[in-house]
Each structure stands twice: as structure tokens, then as C-alpha cells.
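Novice: The listed protein sequences derive, respectively, from chains G and W.
The numbering of the first sequence is our numbering, which starts it at 2 and goes up by one.
The numbering of the second sequence is our numbering, which starts it at 7 and goes up by one.
Hints are not guaranteed to be accurate.
Using 20 Å as the maximum straight-line C-alpha spacing, the simulated EDC-like pairs for lysine to aspartate or glutamate come out as follows [what the hints assert, rightly or not]: (1) W:Lys59 - W:Asp69; (2) G:Lys96 - W:Asp69; (3) G:Lys96 - W:Glu50; (4) G:Lys61 - G:Glu16; (5) W:Lys65 - W:Asp77; (6) W:Lys84 - W:Asp20; (7) G:Lys96 - W:Asp20; (8) G:Lys96 - W:Glu74.
Note that these hints are calculated values from the structure, not bench results.
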Amino acid sequence: GDQVEQSPSALSLHEGTGSALRCNFTTTMRAVQWFQQNSRGSLINLFYLASGTKENGRLKSTFNSKESYSTLHIRDAQLEDSGTYFCAAGTGGYKVVFGSGTRLLVSP
Amino acid sequence: GPKVLQIPSHQIIDMGQMVTLNCDPVSNHLYFYWYKQILGQQMEFLVNFYNGKVMEKSKLFKDQFSVERPDGSYFTLKIQPTALEDSAVYFCASSLTENTLYFGAGTRLSVL
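Generate coordinates for the entire structure from the input sequences, incorporating the hints supplied.
Specialist: Below is the structure:
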């Protein structure tokens with residue numbers, strides 16, 4: 002079955018505002034990655050976490066392996082943040098599974 | 007950051023023909039992956055390759071699919087024969103450890 006449940010599926014933000022994306026895992030994951038897929042289709046690495054919280058500019062991500070979830074917070078959203086955001090996680094084996102993605106649209 | 011290169015960026019092929027998608031992974035990486043994405047939808051895991059062997063594959067990795075990395079060169083995905091439903095963007099990824107993936111820009115495969 003599906004191991005990674007990502008929400009929301011779509012999100013609209015005005016410039017300067019913020020929100021959070023979430024991935025819930027139905028099995029224990031060893032690590033999570035977050036990606037942004039831009040309008041050209043390229044996947045941009047945002048974060049890799051085996052635990053805890055990381056921050057980079059206006060983005061912050063948390064991974065709680067015990068409670069089986071990860072979040073990606075975006076603050077002060079800019080137009081260039083528009084795109085599709087994916088989480089991806091692995092159990093420590095060879096298969097890394099993606100969430101279904103969150104389509105983010107930032108408008109003026 | 008580390009770069010994974012995929013060649014070509016777009017491939018158009020007639021149904022039933024063979025196609026080989028090429029991936030130049032990060033030089034010291036040990037794990038190699040292929041993913042399939044249809045029309046900007048979910049990234050679907052196809053296969054993982056390590057130490058010259060397929061370690062895990064999904065149901066999407068049909069019998070017509072094969073992967074190899076001869077002599078440490080390109081990591082390839084071969085589809086023979088192709089079908090209409092194989093049209094998608096195929097992403098290659100590589101990693102040094104099991105869970106930190108770096109992706110290429112994808113090859114858009116159009117099967118006519």
C-alpha cells in the first residue's frame with residue numbers, strides 16, 4: 002500500500018505569507034528528503050533529514066521518525082516558490098518512495 | 007551540488023522499437039535509481055541498482071525493461087519493445103548512501 006501520504010495536494014499563497022506541507026508515513030522511515038519540482042520539471046534538492054529540524058532561508062523542515070511524519074514550512078512566500086513539492090522517504094532498504102506532491106501557487 | 011546528467015533530454019520513438027535512456031551519475035555514487043513520472047504526476051519508483059545488480063524493482067518495471075551500468079560508465083534504462091504507455095518523463099538518480107538522492111533533469115520519452 003501507499004507508504005507516504007502527502008498533504009495538501011494543492012496550496013495557494015499570496016506573496017509574503019506562509020504555510021506548511023506535511024507527509025505522514027505508514028511505516029518507519031529512516032530518512033526523508035524534500036524536493037521542489039520547478040516549471041521546467043527539474044527536481045531541486047531542498048532538504049535531507051535523518052532526524053530533527055533543518056532550516057535554509059525561508060524554508061524549514063522537520064522529521065519525526067517516532068511519530069512518522071515530516072513537515073516543510075515555507076515563510077514569506079515568493080513568486081519563484083511556485084511549483085510542486087515532493088517528500089520522499091526510505092526505510093533504509095533500496096526503495097525510496099515519493100509522496101503524491103503538493104502543487105504550490107504563489108500569487109502577487 | 008552534485009550533478010546527474012541525463013541524455014537525451016527528449017526522445018521520440020515509434021511503438022515497438024527499442025530505446026535506451028542514458029544517465030551519467032555522480033562519480034563516486036554507488037546506488038542508482040530510475041523513476042517514472044507521467045504528466046507532472048507522482049514520481050513512481052521503477053528500480054534500484056547497486057553493485058552491478060538490481061536490488062529492488064516495482065511492478066512498473068516490466069519484463070521489457072532492463073538496466074545496466076557496463077564498466078562504470080552510463081547507467082542505462084532499456085525498453086524493448088516500447089509501448090504507448092511508456093510515454094513519460096524518466097528520471098535517473100544516484101546516491102552515495104541509500105537515502106540521499108540526487109536527480110537528473112529527466113528524459114522525456116514520447117512513444118508514438
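Novice: If a hint holds in the structure, say so; if it doesn't, say that too.
Specialist: Here is what the structure says about each hint:
no. : hint              : result
1   : W:Lys59 - W:Asp69 : 16 Å, holds
2   : G:Lys96 - W:Asp69 : 19 Å, holds
3   : G:Lys96 - W:Glu50 : 11 Å, holds
4   : G:Lys61 - G:Glu16 : 17 Å, holds
5   : W:Lys65 - W:Asp77 : 28 Å, violated
6   : W:Lys84 - W:Asp20 : 15 Å, holds
7   : G:Lys96 - W:Asp20 : 31 Å, violated
8   : G:Lys96 - W:Glu74 : 17 Å, holds
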